[in-house]
Amino acid sequence: MMPDLGKYAFEVLSSYAASLLLLALIVGLTVWQGRRVKRRLAEVEARTEAMSGGRADG
Amino acid sequence: MSIWEYANPKKFMQTSAWALPWVMGLAVLSLVAGLIWGFFFTPDDFRQGSTVKIIYLHVPAAMMAINAWVMMLVTSLIWLVRRHHVSALAAKAAAPVGLTFTVIALVTGALWGQPMWGTWWAWDPRLTSFLILTLFYMGYIALWEAIENPDTAADLTAVLCLVGSVFALLSRYAVLFWNQGLHQGASLSLDKEENVADVFWFPLLVCIGGFVLLFVALVLMRTRTEIRARRLQALLARERLA
Chain A
248 MMPDLGKYAF
258 EVLSSYAASL
268 LLLALIVGLT
278 VWQGRRVKRR
288 LAEVEARTEA
298 MSGGRADG
Chain B
5 MSIWEYANPK
15 KFMQTSAWAL
25 PWVMGLAVLS
35 LVAGLIWGFF
45 FTPDDFRQGS
55 TVKIIYLHVP
65 AAMMAINAWV
75 MMLVTSLIWL
85 VRRHHVSALA
95 AKAAAPVGLT
105 FTVIALVTGA
115 LWGQPMWGTW
125 WAWDPRLTSF
135 LILTLFYMGY
145 IALWEAIENP
155 DTAADLTAVL
165 CLVGSVFALL
175 SRYAVLFWNQ
185 GLHQGASLSL
195 DKEENVADVF
205 WFPLLVCIGG
215 FVLLFVALVL
225 MRTRTEIRAR
235 RLQALLARER
245 LA
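Chains A and B supply the protein sequences, listed in that same order. Per our numbering, the first sequence starts with residue 248, numbered consecutively. Per our numbering, the second sequence starts with residue 5, numbered consecutively.
So here's chain A without its partners, still in its complex pose (with noise of 0.2 Å):
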């Protein structure tokens, strides 16, 4: 099934796994930072809801 890379296969498998390796870094950051804000951002807006709700019956 592999491709037979002759003298290049270093060149060629190196390309692949830098770029693969580059494309899932920027994809899982992009994953891990829009958790972390949405998760932190849905924590405050219920802190500052139960704030104003708690004025509101006060």
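Some hints could be false.
[Said to hold, decoys possible] The following label-pair restraints were derived from C-beta to C-beta distances: (1) ASN153(B) with GLY275(A): 25 to 35 Å; (2) ARG282(A) with VAL203(B): 34 to 44 Å; (3) VAL170(B) with GLY300(A): 15 to 25 Å; (4) LEU135(B) with LEU267(A): 52 to 62 Å; (5) SER299(A) with GLU149(B): 27 to 37 Å; (6) MET249(A) with ALA238(B): 46 to 56 Å; (7) LEU240(B) with ALA256(A): 48 to 58 Å; (8) ALA150(B) with MET249(A): 44 to 54 Å; (9) LEU84(B) with MET249(A): 43 to 53 Å; (10) MET248(A) with LYS15(B): 39 to 49 Å; (11) LYS14(B) with LEU276(A): 45 to 55 Å; (12) VAL203(B) with MET248(A): 35 to 45 Å; (13) MET248(A) with ARG51(B): 50 to 60 Å; (14) GLU149(B) with MET249(A): 28 to 38 Å.
[Stated by the list, open to error] So, partial list: chain A residues that the calculated Cβ filter (under 10 Å) puts toward chain B: (15) THR277; (16) GLY281; (17) VAL284; (18) THR295.
It is worth saying that the hints were derived from the structure and are not from the lab. Because the structure is a prediction, the values reported are computed rather than measured. For every residue, glycine included, the Cβ atom is placed at its ideal position computed from N, Cα and C.
Once you've looked at the hints, dock chain B against the given chain A.
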């Protein structure tokens, strides 16, 4: 309906939430299909041997590295002229993605250049302007992080983006008017009747489509995060004042 509706963060969040899974799904599908097709099912080139398989990464990455900067230029201009925050945040969101594509293009270019040109690097006009574009990407990201006031950061990074556009254009067109370079002309062009041989051209088109879609998906995701982060900062500031 006007395109400026999407300058409203709420409208942008609604539309992007609907579009994102489709764009990301299509991006993954076309990238996987294009790279598998290119790597496993295309022949070696009679001159380049198996290094021709690097084209499926290098060309789309280099293309998108330049186009990402052009997208940042357009959104920066919209920010400077119309003061739409979503557009400034979209420019900010695109920069790390563009930088990643730039690094991929540089790494794969060096790996291809060593066996084909006999050197990893040459101070060729196209390569040099591309390296300067990489530095502009880094400077742009650093400038956003360095300035606390988001509107001032958006203003200054927009100006930096305008200056960097010279190098984005040079990376694309230097090969046409500087003849002493090592880098060959464009491998493909819409106005040419024939580009590279069809056996390489079709998987390359699929890979280009994959990179474009991945860029759009990542920029949508990152812009959504930036909008949420902006709202988070506003709520925290309000809490501190209360």
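Verification of the supplied hints:
no. : hint                                 : result
1   : ASN153(B) with GLY275(A): 25 to 35 Å : 30 Å, holds
2   : ARG282(A) with VAL203(B): 34 to 44 Å : 42 Å, holds
3   : VAL170(B) with GLY300(A): 15 to 25 Å : 54 Å, violated
4   : LEU135(B) with LEU267(A): 52 to 62 Å : 23 Å, violated
5   : SER299(A) with GLU149(B): 27 to 37 Å : 32 Å, holds
6   : MET249(A) with ALA238(B): 46 to 56 Å : 54 Å, holds
7   : LEU240(B) with ALA256(A): 48 to 58 Å : 53 Å, holds
8   : ALA150(B) with MET249(A): 44 to 54 Å : 47 Å, holds
9   : LEU84(B) with MET249(A): 43 to 53 Å  : 51 Å, holds
10  : MET248(A) with LYS15(B): 39 to 49 Å  : 48 Å, holds
11  : LYS14(B) with LEU276(A): 45 to 55 Å  : 26 Å, violated
12  : VAL203(B) with MET248(A): 35 to 45 Å : 19 Å, violated
13  : MET248(A) with ARG51(B): 50 to 60 Å  : 26 Å, violated
14  : GLU149(B) with MET249(A): 28 to 38 Å : 43 Å, violated
15  : THR277                               : 5 Å, holds
16  : GLY281                               : 4 Å, holds
17  : VAL284                               : 5 Å, holds
18  : THR295                               : 6 Å, holds
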